[in-house]
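The lines below spell out each chain.
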Amino acid sequence: MNTNESTPEKNEGHLHPLSIVIKDIVSIFNEMGFESVDGPEMEEEWYNFDALNVPSFHPARDMQDTFWLKPESSRKLLRTHTSSVQIRYMEKHKPPIKIISAGKVFRNEATDATHEAQFHQIECLMIDTEISVAHLKGTLEQFFEKFFGKKVVARFRPSYFPFVEPGFEFDMQCFKCEGAGCNVCKGTGWIELGGSGMVHPKVLEGVGINPEKYQGFAFGYGIDRLVMLKYGIDDIRQLYSGDLRVVNQF
Amino acid sequence: MKISYNWLKEYFGGSLPTPKELVETITMKSFEIESVDEVKDDIIFDVKVLPNRNHDCLSYFGMAREVGAICNLDVKKDLFSSKFNTPLSKILRVDIEDETQCLRYVGTVIKNVRVGPSPEWLMKKLESMGQRSINNIVDATNFVMFSLGQPLHAFDMDKMEGREGVWSVAVRGSDMGEKITLLDGAVHELPQGTLLICDGNSGDALGIAGIKGGKKAEIDSETKNIIVESANFNPITTRLTSKKVGIRTDASVRFENGIAPEIAEQAMALVVKILMEIAGSGDTTVEGTVDVYPRPASPFKTGVTLEKIRSVLGLNISEKDVVDTLLKLGIVCEYVDPKSKILSLAPTVVGAPYKSGASVRRDAPRLFDCSSFVSYICSQVGYTIPRISVDQYIYTDEIKQEELTPGDLVFSNSGVGNIHFESKEYMKGVKVPEGVDHVGIYLGEGKIIHATAHEGKGVVVEEISKSTSFQHIVGFRRLPSINLGRFVVTVPVERLDITRPEDIIEEIGRLHGYEKIETKLLSHIDRKPSVNKRYYYMLRAREVLLEKGFSEVYTYVFVPKGDIEVLKPLASDKNHLRTNLSDALASSLDFNARNADLVGIDQIKLFEVGAVFPKKGESVRFAFGVKNQKGYKGSKEDEELACVIEGLSRVWGIDLKPFIQQKNSVVEIIFDALLEKLPDAEKYEKEMLVTSSAIPKYRTISTYPYAVRDVAVFVPEGVSAEDVLDVISKSAGPLLVRAKLFDVFTKKFGEGETKTSYAFRLVYQSFEKTLSEEELVSVMEKVTVALNGQEGWNVR
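So the protein sequences, as listed, match chains A and B.
Those letters in the first sequence? Residues 1 to 250, per this note's numbering, in order.
Those letters in the second sequence? Residues 1001 to 1796, per this note's numbering, in order.
Check each hint, because a few of them may be wrong.
[As the list claims (entries may be wrong)] Computed cross-link-like contacts, DSBU-like style, restricted to lysine-lysine with a CA-CA straight-line distance of at most 30 Å:
hint	chain 1	residue 1	chain 2	residue 2
1	A	LYS202	B	LYS1400
2	B	LYS1216	B	LYS1273
3	A	LYS202	B	LYS1216
Hints were generated in silico from the structure; no laboratory data involved.
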């Protein structure tokens, strides 16, 4: 038994670990010059899919299990990613664009220790004239170094997200074993963090930004996963249980 | 897709990197590998082909091409180069009702086949794919599907109706109420319009196009004469039908991702060759083939400048590296000067007739309209320019008339017909107030080349000043980067994913190696990021709540009752979106009250910030609530709430009354409505941008119930509560998760001795099970014995 626990609770509330991490993220990106913006959780099909180069009937729609809302004819849904915020922002702002958006997203899939129907994501978008994959790499490394408080090695693997081209999966060398392989990285030496890429020209065209003049990067990753990695929480459901046994540890 | 290492190796004449090396290379340059399994003398990789490569990589040949490119190996060509030169069939006719639904249909008649078991090599291959061998004919079609990615089907011709010596295959939509019995015997009533393969003579349905074959013309042991189908079906139709009828097959998965129609022919060549080998005998003959391919497309071209490749990747790659990298993928490219190529190419199509709405891929260079002409010429020099004149106008850069040089574009408004004033398919919302409906390419010396419906009726060269089409010029425009050399890429037919410069850049990036891209920091912060007002005021409020002892929770958005219903909920009690935070917060208060001893608190204080979804729309709210445990002697619940309300009014500088809803001991604030009344924030306060420092070590929580036992002990003077606790902890062991001192008093005893009583509330819990009464008795016994064992201590 931890004897600290025997002392009475101080009369001070505890911030939820998700909020602690979101505050860290917003603060770090703010320092890097990124504005934090919001978007609705209940979205229109257009912002969640079509405008992100995922047309109707495209097999890529199967990549995400969507919570559609009634009536079906309204074509409303719970956003499956924070990427929809990109579109809403770009419709109203011209480049240079430098934003992040952290918020709740939803996937219609069975829940277990690593999957929840509601979870949190962060989206990052940077558009200007000469933005490259090298900047994307640099921005990711800079963020994660500040977040984990130590040097981070990132790697890119080819991937596909309809709203970027080229698209990457980005991994971070395991902070626990530094690549040797351990239980955190399941022996691979790498931790998958999220998806990223150079914004697809069709996405830019769709919001009236000329892709011949402007280019940029976007990336997104799960905040819950970061929380779990940072604090060693093994079940995502504990984040939404409303349980002070969890929250009061923070 | 499952890939057998041994099978893949055949495409490389038997030499391939070790499985371990192969996994590493595929992972870093192509696809994720989901699993690697050793099966008998083989290794099976489960390759997670990326969705944009399902066109070409759901096949061994596709995967071999990919592996050849990333491992720098030559793929053996002779495995697929079987020449296909069968005669035109005299006894088969094929009719396609709608050529947008069936893009190509190749049918071949083979007579006198011998149906029987497959040879061992074939059985082994199908087994490695987890497939059951059926017979040599069906197995051959499946083998070719896995080899080339083209689904095939074979029909027993003698089960179809021949009329005057002619058999007929019709591809048509199903009638109302039409039924089909599939190969597995299941009868399906089809939604009207379902694309079917039918016996054109009898009208019987033989299969659902691209999805599954029917019982009617099934191959059996008696089959003699067959019709083999290698067709190409509309991906969207296949996908929708597959969903509607609830059947997903290896064939439908391939069709719904789109396959190049050219592969239909290669697949037919291969399957005929194999059938002749494994199901042929002396009298087996290929009678002939019918190939209906109404709208073949010319090779697709796109292009990119070296400058763009470097700028997007952030990599100083050389021209030679670009060419070499693309060559590895079998992509041929030439490096051209776009302007001179345009000027030499455009005049070669003078005289081509005009056709409104002519297709760039299927009609050019035979037929043109004005913008398809420009689009075609541009595509030949590596520009993927929009199809419609107004979009071409927007795509190109404005120049002044005096800057006009050969190769530039001239746009006009002819005043008649369909004039466009806004982007149609390119950049949403961009307007061209003058209106555009015509375009031509400037050739110099006052001459223009364009496709016109007037006069010459086709592609003509005219004096601009005399052309009736250019009486009202609305702009002189220039192709972007026209003065830079350009790689013009002819995309291999199977690579339906490569359609724009960025797709080429991706191929170069991943093959060249992303690890070669060095990280770069964004050079400078050109502006201070604006403040997010909602976040700002949320943080202010949070400070108040934390200071007053409230802890934050995140509850679920999905609830049993609400205004907005979920179409397919995860559970029947999670079928609505919440309309308030209070209900979940009240439940959370109760839940934590039940655990209060475990957490060690006797007043539960919670808050949540989050979106709710009442009828009138989504909005963000703030809620907080208090629950006092029985016997709690501190401030009352209402006092706590009032105190928070006062604190919030202070930091927000606003009267909260109009925005408050209170239900029992939970207060909910309509935060978004309140926010509108608050001024914008200039900048974040310093503490709002402080990152967390300490990383607490998280202890996971037990899902088993806890039990509470009290113990009180008299101890002599000088013994502290800590001393008592120490003895309790050591004797109770790991099941004791919390101990709380709840009562202390001193008492004088007869002999003038003063003793102190310490009463502890002990909370027990296991991570493995629910503790039984016996276990609790036993552990309390240990504690009692340990306490009584101390000199002068007596458990009361």
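Next item on the list: Starting from LYS202/A, check that the Cα of LYS1216/B is at most 30 Å away, please.
Entry: Answer violated: LYS202/A to LYS1216/B is near 46 Å, above 30 Å.
Note to self: Would the hint linking LYS1216/B and LYS1273/B be met if the CA-CA limit is 30 Å?
What the structure shows: Holds, at about 26 Å.
Note to self: So if I understand the rule, the pair passes when the alpha-carbon distance is 30 Å or less; does LYS202/A with LYS1400/B pass?
What the structure shows: 28 Å, holds
Consistency note: the structure conflicts with earlier hint 3 alone.
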